[in-house]
Amino acid sequence: MTHSDGRDIDTAMATLSGEGAQQVVKNARESLRQAQPKPWEHIPGSGGEDVTYYGLPMLKESVWSIDIPIYYFLGGAAGAAMTLGAAVQFACGKSRELRRFSEICHWTGIIGSTLGAAFLIHDLGRPERFLAMLRVFRPTSPMNVGAWILAGAAPSAIATGMLIHRDGWMGAVGEAAGYVSGVFGAGLAGYTGVLVSNSAIPAWIAGRRWMPVLFMASGATTATSVLDLFYEGPAGSRIAMLFGTAARSVEVAAAVQVERAAAEVPIVAEPFSRGATGALWKAAGALTAASLALTLVPGKSRRKRQIAGVLGIAGSLALRFAVHYISNASAREPRASFHQQRKK
Amino acid sequence: MQAVLSAGEAQALERRAAREDTPNRSPRKGFFTDTTICIGCKACEVACKQWNQLPDDGLYFSGMSYDNTVALGASTWRHVAFIERPLTIAPDGATDVSWLFSSDVCKHCARAGCLEACPTGAIVRTEFDTVYVQPDICNGCGYCVINCPFGVIDRRQDDGRAWKCTMCYDRLKDDMQPACAKACPTDSIRFGDLDELREIAQLRVSRLQEHGVDEAYLYGADAASQPGTEGLNAFFLLVDKPEAYNLPPDPVAPAKRVKDTWKSFAMAAVGMAAMALASALSSRGTRA
Numbered sequence: 000m001t002h003s004d005g006r007d008i009d010t011a012m013a014t015l016s017g018e019g020a021q022q023v024v025k026n027a028r029e030s031l032r033q034a035q036p037k038p039w040e041h042i043p044g045s046g047g048e049d050v051t052y053y054g055l056p057m058l059k060e061s062v063w064s065i066d067i068p069i070y071y072f073l074g075g076a077a078g079a080a081m082t083l084g085a086a087v088q089f090a091c092g093k094s095r096e097l098r099r100f101s102e103i104c105h106w107t108g109i110i111g112s113t114l115g116a117a118f119l120i121h122d123l124g125r126p127e128r129f130l131a132m133l134r135v136f137r138p139t140s141p142m143n144v145g146a147w148i149l150a151g152a153a154p155s156a157i158a159t160g161m162l163i164h165r166d167g168w169m170g171a172v173g174e175a176a177g178y179v180s181g182v183f184g185a186g187l188a189g190y191t192g193v194l195v196s197n198s199a200i201p202a203w204i205a206g207r208r209w210m211p212v213l214f215m216a217s218g219a220t221t222a223t224s225v226l227d228l229f230y231e232g233p234a235g236s237r238i239a240m241l242f243g244t245a246a247r248s249v250e251v252a253a254a255v256q257v258e259r260a261a262a263e264v265p266i267v268a269e270p271f272s273r274g275a276t277g278a279l280w281k282a283a284g285a286l287t288a289a290s291l292a293l294t295l296v297p298g299k300s301r302r303k304r305q306i307a308g309v310l311g312i313a314g315s316l317a318l319r320f321a322v323h324y325i326s327n328a329s330a331r332e333p334r335a336s337f338h339q340q341r342k343k
Numbered sequence: 000m001q002a003v004l005s006a007g008e009a010q011a012l013e014r015r016a017a018r019e020d021t022p023n024r025s026p027r028k029g030f031f032t033d034t035t036i037c038i039g040c041k042a043c044e045v046a047c048k049q050w051n052q053l054p055d056d057g058l059y060f061s062g063m064s065y066d067n068t069v070a071l072g073a074s075t076w077r078h079v080a081f082i083e084r085p086l087t088i089a090p091d092g093a094t095d096v097s098w099l100f101s102s103d104v105c106k107h108c109a110r111a112g113c114l115e116a117c118p119t120g121a122i123v124r125t126e127f128d129t130v131y132v133q134p135d136i137c138n139g140c141g142y143c144v145i146n147c148p149f150g151v152i153d154r155r156q157d158d159g160r161a162w163k164c165t166m167c168y169d170r171l172k173d174d175m176q177p178a179c180a181k182a183c184p185t186d187s188i189r190f191g192d193l194d195e196l197r198e199i200a201q202l203r204v205s206r207l208q209e210h211g212v213d214e215a216y217l218y219g220a221d222a223a224s225q226p227g228t229e230g231l232n233a234f235f236l237l238v239d240k241p242e243a244y245n246l247p248p249d250p251v252a253p254a255k256r257v258k259d260t261w262k263s264f265a266m267a268a269v270g271m272a273a274m275a276l277a278s279a280l281s282s283r284g285t286r287a
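If you're matching them up, the sequences are chains A and P in order. When you line the first sequence up against numbering that gives the first Met the number 0, it's residues 0 to 343, in that order. When you line the second sequence up against numbering that gives the first Met the number 0, it's residues 0 to 287, in that order.
Extracted from the complex, chain A is given alone in its bound form:
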């Protein structure tokens, strides 16, 4: 039998034992992620100083689907909610309202982190091997560090949610788990910012000083926006307002810093301002700024808070998608890497 998967190997003549023999081919023509050639008008090598190889990408685009920006969003919200939940748990004393507020934070953390983990696993090329992430500890890989953070954050949040309202030693364990999840939560909200900075993508490298700040602030914005939408109660609302104002302000400021850092090399900054990626990036900034403005408007109207919440969530979600698509645009442009490395 001859293999018709692009190998043309007659199994009567040869065995499939090469290094690439196990590579699965389901649809030989459609499955390749090869850069598609574009028509060219002049002799390609004649680009003079600014030469490229037929304008083809030098880097590979990320293979991640929309699962990953959704995970940034969910994981960020979950992490920030866990940290806020732990802080309120620490400060609430005997206030019944604040205990409830803290529990809602923990449950936001539980839902966000478990749902996020599901998206993360779904995006893997071999989802059944997701536990391979935990077979090593590798500090040079933010993804490995993040897998450990998630493996600490989600179970501790779940333990908190299950046990904290109980009496006796189980309640004490829940209390302790709440603080543990608060620490892991801060990591969960921000490690993705390190993850994208630790790459060869020019637009992501350029913003690497501010990416963790941006990601963490965006997570905090999402978490407080969720509280704005669903939480009622004077003390809790005040906390959400204070924390949310800080989160939204930092998110807007960090986004400006990321774009400014990218602008040091004009072609690296292009995806932030041009085309669909630019529109998404600007929309994210505008939505978050609008949410911030509304949060700062005095008054305790529930409707006002809910609109601010919707705007905050939309802004953070747009930001995650913008960051994702900007990387692909950046990888497609070979001169972004070339200019960045030659500091043009």
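Derived from the structure by calculation, the hints contain no laboratory data. You can trust all of the hints, since none of them are fake.
Lysine to aspartate or glutamate pairs mimicking DMTMM-like chemistry, simulated, CA-CA at most 25 Å apart: (1) A:Lys93 to A:Glu174; (2) A:Lys342 to P:Glu214; (3) A:Lys342 to P:Asp239; (4) P:Lys240 to A:Glu60; (5) P:Lys181 to A:Asp9; (6) A:Lys281 to A:Glu263; (7) P:Lys240 to A:Glu48; (8) P:Lys262 to A:Glu258; (9) P:Lys172 to P:Asp128; (10) P:Lys255 to A:Glu60; (11) P:Lys240 to A:Glu263; (12) P:Lys240 to P:Glu198; (13) P:Lys258 to A:Glu258; (14) A:Lys25 to A:Asp122; (15) A:Lys342 to A:Glu263; (16) A:Lys342 to P:Glu229; (17) P:Lys181 to A:Asp7; (18) P:Lys172 to P:Asp194; (19) A:Lys25 to P:Asp157; (20) P:Lys255 to A:Glu258; (21) P:Lys258 to A:Glu263; (22) A:Lys281 to A:Asp66; (23) P:Lys255 to A:Glu263; (24) A:Lys342 to P:Asp249.
Reference excerpt, derived from the structure (chain A facing chain P, CB under 10 Å, subset only): (25) Ala13; (26) Glu18; (27) Tyr52; (28) Cys91; (29) Val144; (30) Arg341.
The C-beta atom is built at its ideal place from N, Cα and C for all residues, glycine as well.
Using the hints provided, position chain P relative to the given structure of chain A.
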């Protein structure tokens, strides 16, 4: 064969013979790809496909000179680039096209971005100092794909795992040279001990410069010339800017750059926790 070797190259071969008797000789293996003697025959591409039993790449006409594989990828582990440049051939300014060929391959960097980024430990460094993806461990997270500063490694979507050149790990273990080097008819691809390849490459550069090819230089031969990767185990002799060959002028292993990012992360985490605590404490007195 010996007759065409220069005195320096013959010396290098003698040194190699001497080294073979030394038990603790360097086990670092590598490729030296001399693009000036590449004839663009693609025997390396074919040999690689055949030996490794890789599927084809779709076989289409790219329109870009004779380059139909376009780039390295999950099932293309050697790729011959065809660079066409205008060349002035007469004093009156008449031009023609000059051709450069270069067989590109995974560089097996001394500081490998893919290896450092791999969260599962699927990507390892072998006893030959090469970088190898273990297909039975890779879970297809795709992080290596954006961490390769050369855009080499890729995930095959229907397979779900990341793939790249293994430097014929199976052949090396049996004391054979990689299929591409074996098939190369002009010895443009040379395989051997890294320090020896560097000597040969250096001699080749000086020889070319003696003959007036002043633009000849080595790309990634050692850590001094390419600190970002700390040197490539598969390095090149080029005669134009790296960009012309679609190679980055100053590649850096991503993990080398993120110290400040981790610092920002730590400060942001402390900042967020402090803000959460401050918000919580300030609301203590609020009564319903």
